[in-house]
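K.L.:
So the sequence lines, in the order shown, correspond to chains U, P, W and C.
Residue 78 is where the first sequence starts when you use my numbering, and the numbers rise one by one after that.
Residue 78 is where the second sequence starts when you use my numbering, and the numbers rise one by one after that.
Residue 78 is where the third sequence starts when you use my numbering, and the numbers rise one by one after that.
Residue 78 is where the fourth sequence starts when you use my numbering, and the numbers rise one by one after that.
Since the hints were derived computationally from the structure, they do not count as laboratory data.
Watch out, some of these pointers could steer you wrong.
[Claimed, not checked] DEER-style ranges, computed between Cβ atoms:
1. C:Glu-87 with W:Ser-443: 55 to 61 Å
2. U:Asp-148 with P:Lys-301: 44 to 50 Å
3. P:Pro-426 with C:Ala-266: 21 to 27 Å
4. P:Gly-444 with C:Gly-210: 23 to 29 Å
5. W:Ala-281 with C:Glu-342: 46 to 52 Å
6. C:Ala-266 with P:Gly-444: 19 to 25 Å
7. C:Arg-314 with P:Pro-426: 27 to 33 Å
8. U:Asn-408 with P:Gly-444: 52 to 58 Å
9. C:Arg-366 with W:Gly-120: 55 to 61 Å
[Claimed, not checked] List of simulated lysine-lysine pairs, DSBU-like, C-alpha gap at most 35 Å:
10. W:Lys-143 with C:Lys-396
11. W:Lys-143 with C:Lys-86
12. C:Lys-109 with W:Lys-396
13. U:Lys-365 with U:Lys-143
14. P:Lys-86 with U:Lys-365
15. U:Lys-86 with U:Lys-486
16. C:Lys-365 with W:Lys-109
17. P:Lys-456 with U:Lys-372
18. W:Lys-143 with C:Lys-143
19. C:Lys-109 with C:Lys-410
20. P:Lys-312 with P:Lys-365
21. C:Lys-372 with W:Lys-109
22. C:Lys-86 with W:Lys-365
23. P:Lys-301 with P:Lys-429
For every residue, glycine included, the Cβ atom is placed at its ideal position computed from N, Cα and C.
4 protein chains.
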Amino acid sequence: MSTVDTGGKEIFSRRESEARSYCRSFDAVFTKASGSVLTDRDGRDYIDFLAGCSSLNYGHNDPDMKSALVDYITADGVTHGLDMFTEAKAAFLEAFERNILEPRGMDHKVMMTGPTGANAVEAAIKLARKITGRRNVIAFTNGFHGMTMGALALTGNAGKRGGAGGSTLADVTHMPYEGAMDGAIDTLAQIEWMLDNPSSGIDAPAAFIVEPVQGEGGLNAASKEWMQGIARIAKDRGALLIVDDIQAGCGRTGTYFSTEAFDIEPDMITQAKSFSGMGLPFAALLIKREHDIWKPAEHNGTFRGNNHAFVTARVAIEKFWSDESFAKDVNRKGERLGQRLGEIAGLVPGAKLKGRGMMQGLDVGSGELAAAICATCFKNGLIIETSGAHDEVVKVLAPLTTSDALMDKGLDILEAAVREHTAATRIAAE
Amino acid sequence: MSTVDTGGKEIFSRRESEARSYCRSFDAVFTKASGSVLTDRDGRDYIDFLAGCSSLNYGHNDPDMKSALVDYITADGVTHGLDMFTEAKAAFLEAFERNILEPRGMDHKVMMTGPTGANAVEAAIKLARKITGRRNVIAFTNGFHGMTMGALALTGNAGKRGGAGGSTLADVTHMPYEGAMDGAIDTLAQIEWMLDNPSSGIDAPAAFIVEPVQGEGGLNAASKEWMQGIARIAKDRGALLIVDDIQAGCGRTGTYFSTEAFDIEPDMITQAKSFSGMGLPFAALLIKREHDIWKPAEHNGTFRGNNHAFVTARVAIEKFWSDESFAKDVNRKGERLGQRLGEIAGLVPGAKLKGRGMMQGLDVGSGELAAAICATCFKNGLIIETSGAHDEVVKVLAPLTTSDALMDKGLDILEAAVREHTAATRIAAE
Amino acid sequence: MSTVDTGGKEIFSRRESEARSYCRSFDAVFTKASGSVLTDRDGRDYIDFLAGCSSLNYGHNDPDMKSALVDYITADGVTHGLDMFTEAKAAFLEAFERNILEPRGMDHKVMMTGPTGANAVEAAIKLARKITGRRNVIAFTNGFHGMTMGALALTGNAGKRGGAGGSTLADVTHMPYEGAMDGAIDTLAQIEWMLDNPSSGIDAPAAFIVEPVQGEGGLNAASKEWMQGIARIAKDRGALLIVDDIQAGCGRTGTYFSTEAFDIEPDMITQAKSFSGMGLPFAALLIKREHDIWKPAEHNGTFRGNNHAFVTARVAIEKFWSDESFAKDVNRKGERLGQRLGEIAGLVPGAKLKGRGMMQGLDVGSGELAAAICATCFKNGLIIETSGAHDEVVKVLAPLTTSDALMDKGLDILEAAVREHTAATRIAAE
Amino acid sequence: MSTVDTGGKEIFSRRESEARSYCRSFDAVFTKASGSVLTDRDGRDYIDFLAGCSSLNYGHNDPDMKSALVDYITADGVTHGLDMFTEAKAAFLEAFERNILEPRGMDHKVMMTGPTGANAVEAAIKLARKITGRRNVIAFTNGFHGMTMGALALTGNAGKRGGAGGSTLADVTHMPYEGAMDGAIDTLAQIEWMLDNPSSGIDAPAAFIVEPVQGEGGLNAASKEWMQGIARIAKDRGALLIVDDIQAGCGRTGTYFSTEAFDIEPDMITQAKSFSGMGLPFAALLIKREHDIWKPAEHNGTFRGNNHAFVTARVAIEKFWSDESFAKDVNRKGERLGQRLGEIAGLVPGAKLKGRGMMQGLDVGSGELAAAICATCFKNGLIIETSGAHDEVVKVLAPLTTSDALMDKGLDILEAAVREHTAATRIAAE
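Taking the hints into account, I'd like the entire structure generated from these sequences.
P.N.:
Printed below as a string of structure tokens:
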């Protein structure tokens, strides 16, 4: 690549907007990445327990995806074709149909939205409103759905909402997610009561949008019963169920969709992050056939249908989802992770294990402690981030393909950091 | 790539959402693309006068970009790194600073937004509202800024707006663009009068957002005087000037930014479409240094900072913008195009030449006629689209790198189609 | 008055809008009214247990108010003077200050809003937003605050909201009122949890607006503890407390303001309905001195300051509120009413006593039953209405001046109606 | 009335909200009013050229209205009856039907809204949205429709809008009123162009709401051609025409409705201000029969149907509108007024005559000059106010019943004040 002398990191502070964020915690300059390891300019390796916030479920630069993509580019495969038909798109759709939809008895259409999760979310709520003629969408506390105005209205985070500079964030009702108030309330009963009370002030909803596991919100994992409850409440009231599976989908919880064990039928499912397999920008909205009432171009976008992503996504699907071996391995790894995290949790008074599958973490009770732990991890060669309303959850989002050995090595670094900071706390408390 | 037999096009009708659009006009299945030519599954070539709606200003699969990208991938360059520092990003930023910003005396910061134009637009209006503490944004008739809720509120097109299904599209005032009502009104004077009248009902604006050439709106090209007028009106009233250069930028009009000849200083400039050089999803918001008041992550996104795009964008900038030769050639081509289109316009009673530079087209007076012309072109091997409020403008958006010979060939096909359909009209009228 | 032959009721169906409502339940044509009795064109008397929905707390046509008003009119007292100073206004303000504000240690300013409760509510939320720079207002389930857009956004009732025809009802969060879900949730704890969770999606509130007893919402009466909780939650978070005392104020619950026993200090209190004493259109907003940051005419209105109402309101205040005798009598009557209603409740399986003071009623479990009871009452000479989300509460809102004898007579009619319809139900059930 | 010693004006500054306004310009304490004269506490008389902003078209305390009202009160006529049938309402409706609707060939229903103009406006736009299923309402520059959120969104005045404290004012498009930009634009053509351009960003309107003469906006009087144009534009596009006749109606321009000479058929007409005849709070919405699709109570309000106002309104209608003599006299007076104001205009360089009928005034070019003139008038016994976006118009709104002698006397005071201040200006300029 470039032979220019990029010197230090001054170019970033000089030219990149203050909005930049992850680079502030992980301030190396990275050059290479492979599997679960990132390498910086000085040749230092870092185990990646962030994985592009679950965009790299199959690891960095999977060799088969790389190879297919290089071949495609070399052969002058169409790179950009708006939403025109390409062979790469056909191959992707057929692989997705055969390996994902058909085995799960799903008859959803695939809408190629702009290549961001937020765009898929925006398309979903627009469509739900078109279908139902209603405007209100029920979103949940601690939910995160994106930063564009429609998606941001659904997002709970006050800091993110504040970024809107006072723009109107309308047409959304925020309801408590399962476990709100430490479980002191029956959230399903309350939602139902609010919707059934014709004087509650809650307008009849077009849709519910829900993350089965709230990635940014603190790894809150909804139970089967709760998700079934939401599905039933929505259906009974003529509202659509939109599952936002952007962070929890593509195998992260042990099944391709994070709701497969829940016996529910989402009307729409958003896909992004790991959808391309290799971390390329790519998103889609899966829509039950009967709901696909879009007129041509009614929602469009220049980069919908990223052909490079079609190529890698097809490889990802064929490689990891043509039989059950990958899913089984992810489940095994998830159990291993939970066990180990459970042990580490024992080191922090009041700490709680959060999440499920390969999307688990530790609620250590305070954002300060969580930040300190992550900073120490980074110093010791592990990239790991926090989440939660108070950034109080240390979140493990390692690639699903991470080897047991590397997983253990990363968790060792995490455990050491936890020990260091809880010891510090203990001493401070004495 | 895939060896599966993709059969016909059934997979698309079976699985791709009804929102798909361009593929309805150009219903071949494309496999390869190079320079200004797309090739379909049957080996048939098509001259591309659409160029991904100006996303392929440097043509399909430029060999230098391809080569750099293949090298990068082969060497396990970081593909996805959220917004962490990478060498590819540093190299891109340095190239952009050295070749684009510095020679133009610009001190803007680069905000890596989500990789869609709409996302850059959303970031721009959020930031303008944060800076000014005002909510109203002035957008223009026939403007197109994207399909997410914030961008859609700025977009004039009724069909697109209808896709919102009744969502609230607030905080925007739509004002007449230059030339509205066939020039019967002094739009600057009117905008100024509305803003200066404290009883006009138009709230003090946070920003004006304007496309110097309205790509989707019908190739309406603002004059220097008008753009200066808007810049002055904005400044005088404490509003920011956001230039949406997504379609007209990256050289399309003969200079890197479409406003370079206008002697104005936009507070923010959106970049997308051809920004990556090769058609990869990539967008950014350029922000005057003093306006970069974002807090970290206040606007974020999983795919901001597409490293593959950093690689190709760097090549594009270094290859085409390190001296003035490319710009000069684009200007020459634009003049040639204008001349030839002017001649073709003579064939259609009442037809008008629209646009500027390599972003010109013919207003043929009716959407039906324009559609018929484009359909005939496609039959004859030319991909060309319409734009405008009534789809009445046949729009030439050929790659800027198109050879004169290929340009002529494409224009010959266009001329023949125009002759065929205007003859038909003439006969019908007799 | 008019000597024209008004014939039957055809004029109303011919000329009055379909929006008319109470006249559908009580379809006599009334001519006279005195104390607690209305008389129709045929000379038939009706006991009035509706009292203009609590607008006639001192009964119809109180002789002292009448006399003062007739004198005022006869002497050419100013009828309409916009918001200019009049002697009538001065006298009213002095009486209000001396008899209402000072004895209660209140230093509120009196804002003469347009003469409807909704207008006072609109003024309150506008002012709260001005003061705090925040937009969100917390309103409660089953709350009713009026039918203009700002007030309607605060109102829970779906039918009323539907009347907005799809207008945007923004900037409000509806939270559960005390007792929601039959008391299964700790509403204060939940509100606090939602506001303290920075990822709840609930924006920091400008104000809470609350009815101490929800008149239209079904006579839900907040406890002292709950109101203190709301006051504390508001104060701790920099939000204002707006008490909507339009229906429950002016003595209805046994004290002039319905919150006097609660030891809270509302930032604003709305006044309307019985505020004029005689049922004339009149409303005001009481504002803590430090919050009165209005600029002149920033909220105005043609009929703010109804001089006829100043005259009668002054009489009402001086006659009923210069000492404690009236309040004591209302309390006595309220207890009597509660006792009697409690007995009647015993006749209906599952019936519940609702409300407090002279604002009590029976939740009979279904809107059909409640409607049937009220219809029978009307046939037997008693005007009484329902309220509640399902119109399931038979609401007693007799004038506070109703004699014990007339009260008993009315309650006898009610009891008989209840017996008749519950017997019918019993028979039907057998 | 009250025998309390009201002392000076301290009670007002001590207790009345800072929102008070007219009393700041006219700071006497008024006690009595008759015809066109107000009398203050010290016995000083003031000619009233403000007339409650056109709420007192028939003068203060018309003897016949007074007498009817006193009789009604004395006889215990129903004062407050919610929207129940009363004989007073029947008599009013019959008089209105016979004298107003039938002679004009109108078949409108009468909706008794809350007793403020704003409430009638809110009802109108809610109904228009219900009928059309559209949300956007076209309002005009310099329009004033009230201060509640729905009405305020329609109102142009920035100061009033600012009073909303940042509340969302949505669903309205503000278009230029006739004469905008000193007539430099063809406003009808522009409105039509904006609505016919499917990419203008202006959503299809539910309604147009227009004041035939803009009272607060500066006495801008629409021409017959313009009003017909608006009516046609609305009809052609399926939008309703709402005439806001609150200030210009009830005879102010020489006919009962201000649009009678225009040969248009408004779908709805708002009535308030002088509707009661005597300045009592009273408002209504006239609705074409086919549009009266309200469900019972879908828009309601405690004080809709003010029975005292029914009594006086009936007298007003029968006394002034049973034949054409009053209208003829108003026209004659209007011409006289125009002539005299024209002469006075000659004293002020650049001054313009504004308005029509008995709703005329002088645009003196600056708010400072207009305020100075009005202040001098008040000092000399004349109450007169300004209007306009810059308060630059001295507005004559004398009762329509003002005698020629008193009219002349008032105009003499006005002329003297104009002379005084323009002389001062002249001297200052020298």
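K.L.:
Take the hints in turn and mark each one as holding or not.
P.N.:
For each hint, the structure was consulted:
no. : hint                                 : in the structure
1   : C:Glu-87 with W:Ser-443: 55 to 61 Å  : holds, 56 Å
2   : U:Asp-148 with P:Lys-301: 44 to 50 Å : holds, 48 Å
3   : P:Pro-426 with C:Ala-266: 21 to 27 Å : holds, 24 Å
4   : P:Gly-444 with C:Gly-210: 23 to 29 Å : holds, 26 Å
5   : W:Ala-281 with C:Glu-342: 46 to 52 Å : holds, 49 Å
6   : C:Ala-266 with P:Gly-444: 19 to 25 Å : holds, 23 Å
7   : C:Arg-314 with P:Pro-426: 27 to 33 Å : holds, 29 Å
8   : U:Asn-408 with P:Gly-444: 52 to 58 Å : holds, 55 Å
9   : C:Arg-366 with W:Gly-120: 55 to 61 Å : violated, 34 Å
10  : W:Lys-143 with C:Lys-396             : holds, 26 Å
11  : W:Lys-143 with C:Lys-86              : holds, 27 Å
12  : C:Lys-109 with W:Lys-396             : holds, 25 Å
13  : U:Lys-365 with U:Lys-143             : holds, 32 Å
14  : P:Lys-86 with U:Lys-365              : holds, 21 Å
15  : U:Lys-86 with U:Lys-486              : holds, 29 Å
16  : C:Lys-365 with W:Lys-109             : holds, 32 Å
17  : P:Lys-456 with U:Lys-372             : holds, 24 Å
18  : W:Lys-143 with C:Lys-143             : holds, 14 Å
19  : C:Lys-109 with C:Lys-410             : holds, 25 Å
20  : P:Lys-312 with P:Lys-365             : holds, 14 Å
21  : C:Lys-372 with W:Lys-109             : holds, 28 Å
22  : C:Lys-86 with W:Lys-365              : holds, 20 Å
23  : P:Lys-301 with P:Lys-429             : holds, 20 Å
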